[in-house]
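Undergrad: Chain residues, written in single-letter form:
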Amino acid sequence: MTEAKTRTRQATLGTAAAAGMLAAQIAAAAGLSVTGAAAAAPAAPAGCAALRDKYPELNGKTLVNAINPHTPGYEALDPNDPSKYIGFDIDLGETIGECLGFTLTYKPVTFAALLTTLSAGQADIVISDIYATQERAKAADFITYSKVFDGVLVAKGNLKKIDGINMSMCGTTAAENTGYVEVPLIQDLAPKCEAEGKPKPEIQLYDNNANCIQAILAGRADVYINDVNTVDQAVKAYPDQLEKATAVTLPYSVGIAVPRGNTKFRDAVLAALTEIQKAGIETDLLKKWSLDAGTLEAPKILSVD
Amino acid sequence: MELFLHYLTMPYLLWGIVFTIEVTVLGLLGGLVLGVVLAAMQLSRFKALAMLARGYTIIFRGTPLILQLVFAYDALPHLGLKLSALAAAGLALAANEAPFIAEIVRAGVRSVDRGQVLAGEALGMRPFTLMRHVVSPQAIRFMVPAFGNETISALKNSSLASVIAVQELTLRSTQLASSTFDFFSIFFASGLMYLALTGAVAAAQLMAEVMLDLDHPTPQARFARLMPWRRVAAEEPVMPADGEPPTETDVPSQAPPHLAVDRAKRVERLADAAAAVEIFRLRKTYGRQLVLNDLSLTVRLGEVVALLGPSGSGKSTLLRCINHIEEWDAGTIRVTGRRLGFDAAGRALGPKAVADERARVGVGMVFQQFNLFAHLTAKENIAGPLRWVHGMPADKAERRAIELLERVGLAHRADALPRHMSGGQQQRVAIARAVAPGPNVLLLDEPTSALDPELVSEVLDVIRRLAVEEGLTMIISTHQLRFAEEVADRVLFLAGGSIVEEGPAQEILSRPKNTRTRRFLQIMGASEAV
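Going down the list, the protein sequences come from chains A and B. Quick note on the numbering used here: the first sequence kicks off at 3 and runs consecutively. Quick note on the numbering used here: the second sequence kicks off at 1138 and runs consecutively.
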């Protein structure tokens, strides 16, 4: 239902003729096989020329994008050419780069280290499927662009009958990544479970998405809650062993993190992202990577400054 | 299996090995440099340096490497030092390895027998010379297995650099596993790559051990030993000469010279001779125990003095003070008129200056436990110090060594290692070593006490000939009464850190006045008769 609505909205957004043609090209490329990210990155929309004039200091620069490349669909190695990273976030970043005239190199770090790497100056930007929260905004400014939908990944059959971040999780074991927003949400269940005389949920913390999926496969954990598209990818990879119990909405948005205080760069990224979304390119990219469950939002800034 | 082979030969992963090796090499080399510095600080005589090194060790050995990596990568930029991922990983690994390597180095240095260090000091070696030629070669041999361990551990620890985005093998494997979902074939492949690396290190360690093995002097024999099938055969012929009992013909034996005839002449000559050693009111305590109690003594050039006395009477301490390898509390010692270890104003000199002065003044020392340099042949034990301390050219030092070995009857053992020689032979080499630079004074600290009874005479013969033929000034602490009577011009009887009786050898030994001397001589005489 939601997905259908999203799709129609996205279709109406993608009106520009040039962008439409591009979208067709992208769809064709995606249909054939996953090619290199740079080749697939669409050309910048028309409004970008003005942005390049407005922010000349970014033009021609090479910036470092810190990513946690363990989430196929968003960011992961290209299995056909491991020297490259591919995924929605990679394409989005390169499109923004193209719009503003900069190129990106990548720095693979653990999820928990994304923002520390940024604030240490070891990276200039983080585009890695990270949810913008008030907590995280203490470490970086965010430009948000999409609502968060989480999937609940369980072993085939869902023996524990888990149906969301709710009382059905009492007494179960959840696998999560260190630093994920789901961690405190699950922790908050503990007092409620105990109030009902049930055991509280246990949390196992891992370093990346793949380790969480392995924890479910190995029977060490009962449930893994993460971005719904990531969960779908996992189910696609192990259709006989895993299933998505349900999807839930979280009160967050996905965002691009940039260093705090550098408002000029932040505004440039915001402007570029707005242009890209308006031209329908973001929608096309979501389609290319089969991330249909995402819900676009108009880009916004989250900053505690 | 097919997937496994695919990943095993995948260039992306194989290139990851290069980063793994780079991080490891950076960490080990940096750790080695820093570790040697730390070890030197801890072994130094300056307390503050040792404390500093201790503090470093506590911090960097006591915190996890992963935290140190994150610190080097994410915290240093806030302090204005932004290193590349590889450099940050190398720095953190080096900082982490250093205290471990320092402990290995320290253990290696301490594994070298203290007696050899004393012998080196007595020969006038500067601290650095001693470290370079005596301690290091032996310590390194001791340290090889631990270094092998440390290398392997560093290699595996390098995988932690994956947390700071170094594209090494582990990071590449985990990323690849995430994108392909081929978890196990990838990790088996990278596991095998690590095994190949650690296996190579283990092989290198084994090679190093064999190459450094002193019992296999020729390179061919060392390599042959690596081959398992040659092992048994190669182990067998261990220095055939080793089993041979030292024949008495080793020493060109002569009848002891009839000293009695010359005695009067000697006494006359000595009375006019200049002082070789002058000791004035020497006092030394160990804690609350008084070892030397205001002892004064003058030994003339060419005089042979025997020190007698029960164990703990201060004989050894007195000898060690004379060439200043032991400190004392009060009093002065002059050797050929100079205060060894003090400048003109009476200030104590540093270890290097003391060493140089020891070499210049010329005080040779022979120890109860021989203290030959265990890694050097008999010839090198003599020739080495001549080159290192006295700057003698190699060929001249070698000729001098051979000449001396001939004189102590050991020319045929010139290339033997100390451990392949009998105690008597070792002590004869030690005497040759002490005499080689032509010292003014030779100190002998119970030179026959550690020897089996049947080996005592060969050593005494050598000493006797030195006394007579060379006219060397000698101070000998000994329990050999007959020998003392025969060789010494004067006998001193020490008890409780004082000279309780002294006089011409025959007089003291046959007609002791002091009751303690008498009792001691009775006991010793009885045991010598057995």
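Do not take every clue at face value.
To be verified - Computed beta-carbon distance windows for the label pairs:
(1) A:Q243 - B:V1155: 34 to 44 Å
(2) B:L1186 - A:K56: 33 to 43 Å
(3) B:V1162 - A:T107: 44 to 54 Å
(4) B:V1174 - A:K200: 58 to 68 Å
(5) B:M1344 - A:T107: 36 to 46 Å
Unchecked claim - If you want the footprint, here are the derived chain B segments under chain A, 3+ residues with CB under 8 Å:
(6) 1316-1329
(7) 1332-1341
(8) 1604-1615
Hints in this document: simulated from the structure, not taken from any laboratory. Even glycine gets a Cβ: it sits at the ideal position worked out from N, Cα and C.
Undergrad: Does each hint fit the structure? Answer for all of them.
TA: Evaluated hints:
1. A:Q243 - B:V1155: 34 to 44 Å: holds (36 Å)
2. B:L1186 - A:K56: 33 to 43 Å: Violated, at about 59 Å.
3. B:V1162 - A:T107: 44 to 54 Å: violated (25 Å)
4. B:V1174 - A:K200: 58 to 68 Å: holds (59 Å)
5. B:M1344 - A:T107: 36 to 46 Å: holds (41 Å)
6. 1316-1329: The restraint on the segment 1316-1329 of chain B holds, since 4 of its residues have a Cβ under 8 Å from chain A and three suffice.
7. 1332-1341: violated (count 0)
8. 1604-1615: violated (count 0)
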